[in-house]
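Residue numbers for the sequence shown follow this note's numbering, beginning at 244 and rising by one.
A few of these clues could be false.
To be verified - Straight-line Cα separation of at most 27 Å, DSSO-like style, residue types lysine-lysine; simulated pairs:
#1 Lys286 x Lys329
#2 Lys307 x Lys329
#3 Lys307 x Lys286
Stated by the list, open to error - So the derived label-pair ranges between C-beta atoms look like this:
#4 Val283 x His246: 22 to 28 Å
#5 Val283 x Ser260: 16 to 22 Å
#6 Asn316 x Val283: 27 to 33 Å
Simulated from the structure, these hints should not be mistaken for laboratory data.
We put the CB at the ideal spot given by N, CA and C, even for glycine.
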Amino acid sequence: QVHLVESGGGLVQPGGSLRLSCAASGINFRLYAMKWYRQVLGKERELIATIFNNQTTNYSDSVKGRFTISRDNIWNRVDLQMNSLKPEDTAVYSCGTRAFGRDFWGRGTQVTVSS
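Build the full structure now, drawing on both the sequences and the hints.
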């Protein structure tokens, strides 16, 4: 069973930084692309960052240059370093992957950017 658990969310002031982590189990982690999403209540889930098994990364325009995705294939973890945070980055952040023919997400962690 695929299990994804996020941590590291919280309240931060505009311009600040946070680092999110996602621990994965139930998959041969190093073989799979891992993704970070975010969702604001009432809106669709937004894909913001992807890291492939060859370490190639992609970012949405909304976070490019501010967020960095990375992975640790020994500890089966994917991280999201978020810098220069803005109030519009406030959302529930979750990690995800596609395995065994379907998509999986964690329950998410709340990030609130406010002064």
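Hint check:
Simply put, Lys286 and Lys329 have alpha-carbon atoms about 18 Å apart, close enough for the 27 Å limit, and the pair holds. For the proposed pair Lys307 and Lys329, the alpha carbon gap of about 13 Å is at most 27 Å, so the pair holds. Using a Cα cut-off of 27 Å, the hinted pair Lys307 and Lys286 holds, with the two alpha carbons roughly 21 Å apart. Checked against the hint of 22 to 28 Å, the C-beta distance between Val283 and His246 comes to roughly 25 Å, which is consistent with it.
Val283 and Ser260 have their C-beta atoms about 20 Å apart, which keeps the hinted 16 to 22 Å range intact. Taking the beta carbon of each, Asn316 and Val283 are about 31 Å apart, inside 27 to 33 Å as hinted.
In the structure shown, no violation is registered for any of the earlier numbered hints.
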